[in-house]
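Protein chains in written order, with this note's numbering: chain D, 1 to 979; chain B, 980 to 1502.
Heads up, some of the hints might be wrong.
Label-pair ranges, simulated between beta-carbon atoms [claimed, not checked]: (1) B:A1102 to D:I356: 56 to 64 Å; (2) D:L566 to B:C999: 26 to 34 Å; (3) B:C999 to D:Q303: 45 to 53 Å; (4) B:N1242 to D:D812: 51 to 59 Å.
It should be emphasised that the hints constitute simulated quantities derived from the structure, not laboratory data. Don't be surprised by glycine CBs; every beta carbon is placed ideally from N, CA and C.
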Amino acid sequence: MTPKEKNLWKLTKGALFLVFCLFSFSVFAQNRTVRGTVKDASGEPLIGVTVQIQGTSSGTVTDMDGKFELENVPTNAVLDFSYVGMQQQSVAVNGRSTIDITMREDVAALDEVVVVGYGTQTRREITGSVANVSEKDFNKGLTKDAADLLQGKVAGLSITSASGDLNDSPTIRLRGVNTLQRDNGPFIVIDGVPGGDLNSVAPQDIESISVLKDASSAAIYGSRSAGGVILITTKRGSASAQRISYDGYVAISTAANKPEMLSAQDWRNYVTENGLQEQAAAFDRYNADTNWFDEILRTGFSQNHSLSLSGGGSANNYRASVNYRNMEGIMKDNTFENFNFRFQFSQRAIDNKLRIGLTGVANIRNISPSDKSNSMLASNFLPVYPVYNSDGSWFDLTEWNQGNPLRQIEMNERNIKNVDFYGNGDIEFSFTEDLIGKLTLYTQRKSFDYSRYDHSETYNGRDPKGFAQRDARTMDKNLLESTLTYNTIFNNAHKVTLLGGYSWEQNDFQRVQAQNRFFITDMLKANDLQSGQNLLPEDVLSEKNMYRLISFFGRLNYAYKERYMLTATLRYDGSSKFGSNHKWGTFPSVSAAWGVSQEEFMKDITWLDDLKFRVGYGVTGNQDGLDPYKTLELYGRSGSYYDQGNWYTSYKIAQNANPDLKWEQTSSLNIGLDFSIFKNVLNGTVEWYRKKTSDMLYEYAVPTPPFLHDRIMANVGDMLNTGFEFALSSTPIRNSNFTWTTSINGSFNHNEVTKLSNELYSTSRLYVGDVGGIRGMSATTSSILEEGYPVGQFYMLKSNGIDENGKYIIEDITGEGEITDADRTYVGDAQPDFVFGWQNTFNYKKWDLSFFFRGTVGNDVLNIGKIAYSNSQSLIGANVRKEALKIGLTQAPQMCSYYVEDGSHIRLDNLSIGYNFDTSRIGWLNNARVYITGQNLFVITNYTGLDPEVRMDGVDPGKEEREFYPKPRTFSLGVSLSF
Amino acid sequence: MKTKIKYLLTSFSLLFFFSCTDLGEDVYDKIPADKFGQTEAQINAIIAPIYRSLTSLWPGDGLVISEESADMAITPTRIGGDWWDGGVHMEFGRHTWQPRNGVLNGFWNSANNGVTTCNKVLAIIESNTSMDETKKANAIAEIRGVRAFWYYILIDYFGNVPLVTSFDDTELPSTTSRKDVYKFVIDELTEIKDQLPSDVSSKTYGKFTKGAAYFLLAKMYLNAEIFTGTLTESSFTKGTAEWQNCIDACDSVLKLPYILEPNWKLSFEVNNESSKEIIFPCVFTRKESGNHILHRTLHYKDPIALGISISPWNGISAIPDYVNQYDDADKRKDWSFLIGPMIDPATGDVLITQHGRDLIHTIDIPIIEGSQNKYDGTWGEVHQEVGARCYKWAIEPGMSANSENDFAIFRLADVYLMKAEALVRLGRNAEALPLVNEVRKRAFDDPSKLLTEVTLEDIYRERRYEMAWECYTRQDMIRFGTFTAPRFLKPETTPIYKILFPIPIQALEANNKLTQNPGYSGL
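Please construct the entire structure, taking both the sequences and the accompanying hints into account.
Right, here's the structure in full:
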């Protein structure tokens, strides 16, 4: 293992070390032979320890007696000793000819420095719940962003990808659903800058990711941290390693699961068996046999190249990187191209008291999102229809939900051009050794430019006779943050850190959209909107809004000999979004830890490396789901009105203003235990938490009259999440040639809506989850929000299967003898009881192999695809899935529990084999590695739909959608080089 | 040490460099309420929403609950379960609607939204300081007129409803009896009618005018027996009849310069704002969503035959007995319904449906044998193409979105028939005869088809021939006592309490002070 320069702390050490080295070089160099013995802490000799002269490729390994001999060693050289499972040591020769070394067990996990909010802490000192994932544990293969790297790795952090569309973001939830109103998941902080975007950092630039799970660690981010915080730390240059690194891979993706539709032969058999030849003649007259999913799917080819330069001198360090990624989705209309440039430079001056760091990032993306309605067309279109007519023209039909999906893909266009640019400057000044002030200025502009054209001959474009749209949005963010940190240790035992800070942030959003239709030619696409001949008043829109956040915060850390640790934070947050009397909120937290293993009386228990109890309580807030201006009474356009032959713009009060809107708060209690035993052979963390969200923001139903609109944004409900998590890691086998590391994490969470009403709003249940678009199911809901039930509670008729006549056996809950809406009941929960990930890594000499399983237990999934496409009554005019014939439904499909299935599954998410070349003979090459990775290799489940991992956001999660995008299985081949 | 203190001070001044606690909101794309309503154009824009709310009347939920609960229209469940929608349409056809019926809830919300919009606009106008007193009084009369209209709709369908007349009253309202709301509507109209404009011109088209006020008074009086009656779960006692008041109100309309357009179709044309027969329209424009009657009724492939470019939903059709009652010589049959084979202009052949059947809109709507078992034994599935479609509003050639045609909520032909009915009810049949024939003569080429005497039954039928698809069938059937009788797909007589719809459960959930109507379950 190489030491990881994780942060400035270590960086400084590195810089100092380099200074030291430089001084050493200035001494006249002489060469000699150096001998020595390497032993472990118990005095046993270590065999096979690598001994290398730093900065060169010359070195050796220790023999059976732990002895080594190196010739031609400069007297001012530094020797690096490394051995798997031991801490690497660097020893200056200083003219000696004998060097004996005792290597220490690598309990780096405990001394590891972890990035926490506004600072770093060693793992031993942490009092809250913080998980840290570093580069070696990231998911491998084709990865788009930090979410892909983390998926399944952190107990309690659920990352679900509902589709294979490269433009879709996964749903990220930490410790359950935390709010009803547009839950944005954890708050993202990139290199200390709050409010970032996961996709603005190339995966190859990420050094480590910390997840702040409990309120006591997250509360320093106050109002936006109720969903947890993800801290991303990017790689930095280091004076000790002047490097050029290249990392590249190519990948191919294919559909892991396609819906099984009737083939042309199946369809014809059905016609014959049911004596429908006469009616079938109208459809089956093209002598065709088409698998529509084969037509619209493909093998996607992707590549990623990333190049970085890094290094530094005695007073500076830098890292610059460029990343190019080009991905093809498995749907033919789906591509994603990304250029990411990142530059960091940091310079010290005034006796190292001043440090100024500059960071600039540009991220340019060209994306073609997939039009998911093509999956619906490919499902409905008959296999006896051809792709092309005999004259080569497109075959198509113009009925409801019928159209040639390939024609749509080939002729329609959807393009997104994104640019994210951000830059920040950090000025850090050490007033004294103990007192450090820091000022961060940050500015960011994100722009989004969307263009769409639906060709006048395709399914989408035929009604409007060609439809073109442009949509341009600009999102600006300006941030000022300033902190003052005071560190001191008194009486050699009491370590105190005080932090105070101020933060000012403003976000501005503006947008212009225009669309037009009825074009006399399809050549112009969305590039000449004005030539459309049917411009409607609502085709042009522009918007602009802003919100501002201002915060004061402080933190006290106290540690006594790593035995007793206390952290207290306070954040006073203001947001412009709230009512004038409720703009400010106070978010306190306190946590404590007891390092039991550091106590004198534990000294003799040698098998116990570390044991620590932690307990913390804190309050965090949420306002993310809230749009600006909700407290104000405003006029907005409300269509047009007719007056004396002309149409004018009508204005209406746009919303029920709620001047009393205030912060939604989540208070949480966390109790945890960290341990490490048998010289770190097994270490782990177990935690229990209870989170209560109160004054929950949501659009509640209100009566009209007296209200103008039937919904109002208000602070009403409460929600509770309780859970238990564990993360265990073990290295059962560790010797010089072979290491096996295995780690498993799991989390149990119970979510419950505990209150939905107050004196004003007397709702006890809300029916949610429209499944619109399915024939015969307008205004049918799938789910319920109700006191005492979780978010994602399915609520519908209960089916006990299908009888021999092809009818649902619906349970008569009310016992009234007829089945009505009143017979609906609770039929499943979309949220899993248990989520787990299991990682195994094997190292054998230069080879490494890792595989990663993840999965869920106890979640239910509503298989909407089955409702929509597995109904044999759609035959013979529309195609159905093969299972339709087996199901043999003879009544109209109904929303009932027949379609709610157990979504428990286990997935082999990642399998990776790598080989590290021996570069010791090649002076200019530092590291060379090749690897091959397979992703999403198989899923074991009883779920009968495409994939049991489905959309998990919103108030009606857990549904596999009618318009879908199958998930890919990806194989990639990659190489990493550093010089 | 001194320098250190300096440094400290500098850093703190940096902390407070920005105006550090200002959390005001800058609003860019909406107008703060206190900064609007100064010019005449702005005031007109503020009043406009009261008229925009009318677009929810027709052809959406209002059409469904009026004509499908009556024997005029049906949205049958098509083969494969299209339009089953949890049974909402069956509930209307079979008179088994539940308080949770989504269409009822939608309509309840629309109507109450109409009321509350009027109340809000009224409050804004009343407190406006930049309008002169006459203009203000006129505007207030208009707003109160539209509000009275919405209360008429509410008592017609739901009977006992919350009566709220001031926006500033934020208490959750409780239920007011149908009788009291009836009185409120009469009083309001009586009070404002002379403050309203009386001209029939493009200036007043689309506005609540004196004609609209008198029309609505006539409608209220015509239904007074029903609106002021006493309903229990098992009985209905009629209230006081107001036939003479109805006649007087009709006469007041007839004095105004409206005409029965000689060309019947003019009131349903694409540009029907030129019709002098229309008293109170809901004005639609093809440029905004609103008039989607063709989407709602046409078959998926009908646009090919009709030369238009929309994707219809194959929904509402006419009930066979309703279409069959027309005299074949009555031109209103062809003018109101799309019947027969639909021809592909490219081939000259009949179009073929997705189920391989000829696209012929039959009047008959035969239930597919055995499909009743899928539903409640009576209701069943029908083929895609069956059923006469709504064809009353002219189709704009080449149209690709919504219809431009306005919907006449009130039109003069109805006044003729209302007056005729009130006269007959008072035994003055001879006076009624010319009124009925005035309406009837536009529909026939053969003068012998005119009536020589008129009965109540004749007026009932004439209303049906004339007013198909115009949201009056349910109200008329209740007044004529035929609403609960057996009919197509409803072999049983329904309980009398069904003459009112239930207060939707969703409304009771949002406001637990409301009372459920007799016969229906509450929370």
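Per the hint of 51 to 59 Å, is the separation of the Cβ atoms of N1242 (chain B) and D812 (chain D) within bounds? Holds, since N1242 (chain B) and D812 (chain D) (Cβ atoms, about 57 Å apart) stay within the stated range.
Please check whether L566 (chain D) and C999 (chain B) have a Cβ separation lying inside 26 to 34 Å. 30 Å, holds
Confirm or reject the claim that C999 (chain B) and Q303 (chain D) have a C-beta distance inside 45 to 53 Å. 48 Å, holds
Taking the CB of A1102 (chain B) and the CB of I356 (chain D), does the distance hold inside 56 to 64 Å? 59 Å, holds
Taken one by one, the earlier hints all hold for this structure without exception.
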